[in-house]
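So the protein lines, in turn, are chains A and B.
If you read the first sequence in my numbering, its first letter stands for residue 24, the second for the next number, and so on.
If you read the second sequence in my numbering, its first letter stands for residue 24, the second for the next number, and so on.
Because the hints were derived from the structure by calculation, they are not lab data.
The structure displayed is predicted, hence computed values, not measured ones.
Be careful, since some hints might not be right.
Pairs involving identical chains hold if they fit within one copy or between any two copies, as the list cannot separate such chains.
Listed below are the simulated BS3-like cross-link pairs for lysine-lysine, each with C-alpha atoms no more than 30 angstroms apart in a straight line [said to hold, decoys possible]:
id : residue 1 : residue 2
1  : K383      : K266
2  : K378      : K252
3  : K266      : K363
4  : K405      : K266
5  : K84       : K71
6  : K128      : K71
Number of protein chains: 2
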Amino acid sequence: MVSDVETPKGMRDFLPEQMIKREEALDTIRGTFREYGFRPLETPAIEKMDVLERKCGEEIKGQIFRVEDDLGLRFDLTVPLARVVTSGTFQRPFKRYAIGRAWRKEEPQKGRLREFWQADIDIIGTKGMEAEAELLSCASECLRRMGFKQFRIRVNNRKILSGLMNTLRIKDETALFRIIDKLDKRGESFVREELEKILKKEQVEEIFSFMLGRGRDEEKLSLASKYDKEGADELRDLLVYGKEYGLSLDIDFSLVRGLDYYTGPVFEISISKEIGSVAGGGRYDGLLSLYGQGDYATGISLGIERLMALMEKGEKQTLTTAYVAPIKEEFYSYGVEVVKELRDKGIRAEIDLNKRNLRKQLDYTNALSIPFVLIVGEKEKKEKKVTLRDMKSGKESLLSIAEAIKEIKRQ
Amino acid sequence: MVSDVETPKGMRDFLPEQMIKREEALDTIRGTFREYGFRPLETPAIEKMDVLERKCGEEIKGQIFRVEDDLGLRFDLTVPLARVVTSGTFQRPFKRYAIGRAWRKEEPQKGRLREFWQADIDIIGTKGMEAEAELLSCASECLRRMGFKQFRIRVNNRKILSGLMNTLRIKDETALFRIIDKLDKRGESFVREELEKILKKEQVEEIFSFMLGRGRDEEKLSLASKYDKEGADELRDLLVYGKEYGLSLDIDFSLVRGLDYYTGPVFEISISKEIGSVAGGGRYDGLLSLYGQGDYATGISLGIERLMALMEKGEKQTLTTAYVAPIKEEFYSYGVEVVKELRDKGIRAEIDLNKRNLRKQLDYTNALSIPFVLIVGEKEKKEKKVTLRDMKSGKESLLSIAEAIKEIKRQ
Chain A
24 MVSDVETPKG MRDFLPEQMI KREEALDTIR GTFREYGFRP LETPAIEKMD VLERKCGEEI
84 KGQIFRVEDD LGLRFDLTVP LARVVTSGTF QRPFKRYAIG RAWRKEEPQK GRLREFWQAD
144 IDIIGTKGME AEAELLSCAS ECLRRMGFKQ FRIRVNNRKI LSGLMNTLRI KDETALFRII
204 DKLDKRGESF VREELEKILK KEQVEEIFSF MLGRGRDEEK LSLASKYDKE GADELRDLLV
264 YGKEYGLSLD IDFSLVRGLD YYTGPVFEIS ISKEIGSVAG GGRYDGLLSL YGQGDYATGI
324 SLGIERLMAL MEKGEKQTLT TAYVAPIKEE FYSYGVEVVK ELRDKGIRAE IDLNKRNLRK
384 QLDYTNALSI PFVLIVGEKE KKEKKVTLRD MKSGKESLLS IAEAIKEIKR Q
Chain B
24 MVSDVETPKG MRDFLPEQMI KREEALDTIR GTFREYGFRP LETPAIEKMD VLERKCGEEI
84 KGQIFRVEDD LGLRFDLTVP LARVVTSGTF QRPFKRYAIG RAWRKEEPQK GRLREFWQAD
144 IDIIGTKGME AEAELLSCAS ECLRRMGFKQ FRIRVNNRKI LSGLMNTLRI KDETALFRII
204 DKLDKRGESF VREELEKILK KEQVEEIFSF MLGRGRDEEK LSLASKYDKE GADELRDLLV
264 YGKEYGLSLD IDFSLVRGLD YYTGPVFEIS ISKEIGSVAG GGRYDGLLSL YGQGDYATGI
324 SLGIERLMAL MEKGEKQTLT TAYVAPIKEE FYSYGVEVVK ELRDKGIRAE IDLNKRNLRK
384 QLDYTNALSI PFVLIVGEKE KKEKKVTLRD MKSGKESLLS IAEAIKEIKR Q
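Isolated chain A (complex conformation) (with noise of 0.2 angstroms):
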């Protein structure tokens, strides 16, 4: 009989031998959040409808889970945060982390779902550069800990791009922005085509000319300071204050981000060109007005989906060392015994509970490659000692338990 159920549409459940690498990189993540000095900070899943929607943008309200009447469920951990913030007294800056789902009724696809998991650290009260460069090494640090070694670090300010649309005379900087987050989905000439709905061609020019333009960082920064000062000297801080932590930081006038509370520094990090950013954020120093006291705050999050899907398979079924294996109902009391001493001395351990024979006993630890198995009968329950068999190499040997564990330690 098959199953007549499933997951709702862009959700999915995640097995044993993948949870145990998501753990592990949560827990890898969260270290290093600790390491950086921020602050663990939980909201609930559901917020207010008016919460979320103050100034998420057009495209991401169409994308709210509604539950109930006036509650949605969050599509990011930013927002909460704003709410949460202006609402309490927190010592500043506030250094917060937090690590949650959030959901957006997207169309699924390679590394986007509709649940997915995000890893957020944000900066509360700090109107320096030194936010974003902090900001960047402890995401960066993160990356290498998970196994990455190559990553591409982009960084804007959006105040440049709105200098080079007042120059234009452009009113609706906000709608530009949003096409031109398309560009690395859609492409150049897709987000050509939409800009000359709304703009004349000479425009579309010289904004693709200034975003797509190379040169040295110094002459960009220049040509930026033109379009706003502001932004392109908070640009070049960001520059500075990286290099002394050691990051490499590539300008691209051209990055934006989707979200429509980002005021000034935005960022993104990506490992291969299929898969998007891997991780990316930005200054919103505008969105905590909204919900109370105002505040400078710069946050960048890590998308648990992309990295899992970017790292390599799970080979590990169970975290599980040892395995007593009674060879008969009778000794099941025995093994009991065993298998309180080993979790006792901190050995992750199971006992048999289905009454198996040893033959069924040995077939489940084989399928779920337990390393030690401790077989207890007649003869080991009189004697107190257990026979441990190494499943790799298939030695058995009669020890006491005390015996049995130091070899298991060994290992």
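Model the placement of chain B on the given structure of chain A, informed by the hints.
Using the frame of chain A, we list chain B on its own:
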């Protein structure tokens, strides 16, 4: 300006000092689950309504948060497990853990929220009470490691009460279970009144006399045998196996648990009278066949909200050990060098991001109780040293970075 936004009813934010304690507790629980050989399996927060409603009972049905048209938020972690194990091939027994949020639209009260975390272990494919003993041993070990020394484990078997209902020729036992389940919360006279609405007074009398009857375990079990031998035998097995694990289990014939899907053994762990049970579960052999291939199944769930409510108030504002304080902006760059070195050596460290003077930086570290401050200025930079200040004693010493790290790690 005060914030005009809040969380949805019955849902809450967790501030850093609460989250640090919470993450510690969840790490302890997860570590214990793994030590017992349970394997992680995650499912989406959202399920199709049809999946959620199959066997939850009327009360829960009304508490499901609806998402969009035909979806809902999970109300526990068991139903999603039942869905997924029937649709995949899992080695049996399949021992699974899951730690995550669930949602129920109930009236919020102390230790009961509309969004809550559960930590579950389940065993699929084991017929005997070895499974229940393993679950209760593992759950107890979690509580002990969280610092709870005293708790009470109550056990029962629904088959016994079913047998009694049969004897009394009562047909709708589900309705009766639901009423009896209110015993802890609403008290005896409430339950008597409710039962008397649908049963004869003598029937109610017999039910109560059995449920609340006192006696030694053997007396209770032999009485129970009259109503249902299988249920009584299972209960006896559970007591025996529990003893192997060093557990003391109390028979409580009035324990039924609220969910409709339980078929045999049920159990609850409680710590204090006021806050109800902190863990509970039971066997649900019938549930899996609603989604695909049927199988034996049993599980227990730790209620994280209640456990956290019982734990002492969190003290730690941050996990950061060391803070690097440049006395002027021009020493930020050398400070980054120092903070990088600290982090490379595994010390959780921060650096000033706000160009603050030393006084303000010390205020910040005091507010968060960060134990060490590494001051860097002219002299320190020139000599490649730091002034290490122990915030507790106020003692300062000029040290090389390596010496400072040694000193911090010594504490």
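Results of checking the hints against the structure:
Taking identical chains as interchangeable, the C-alpha atoms of K383 and K266 lie at most 30 angstroms apart only when they sit on different chains, with a minimum of 27 angstroms there against 59 angstroms within one chain. For a Cα distance limit of 30 angstroms, the shortest separation of K378 from K252 across copies, 22 angstroms, qualifies, whereas the shortest one inside one copy, 76 angstroms, does not. With identical chains, the CA atoms of K266 and K363 are at most 30 angstroms apart between copies only, with a shortest distance of 12 angstroms across copies and 53 angstroms within one. For the identical chains of this complex, K405 and K266 are inter-copy neighbours only, at 20 angstroms across copies versus 67 angstroms inside a copy, given an alpha-carbon limit of 30 angstroms.
With identical chains, the CA atoms of K84 and K71 are at most 30 angstroms apart both within one copy (13 angstroms) and between copies (23 angstroms). In the homo-oligomer, the alpha carbons of K128 and K71 lie at most 30 angstroms apart both inside one protomer (17 angstroms) and across protomers (15 angstroms), since each shortest distance falls under that limit.
Violated hints for the displayed structure: none, as all numbered hints are satisfied.
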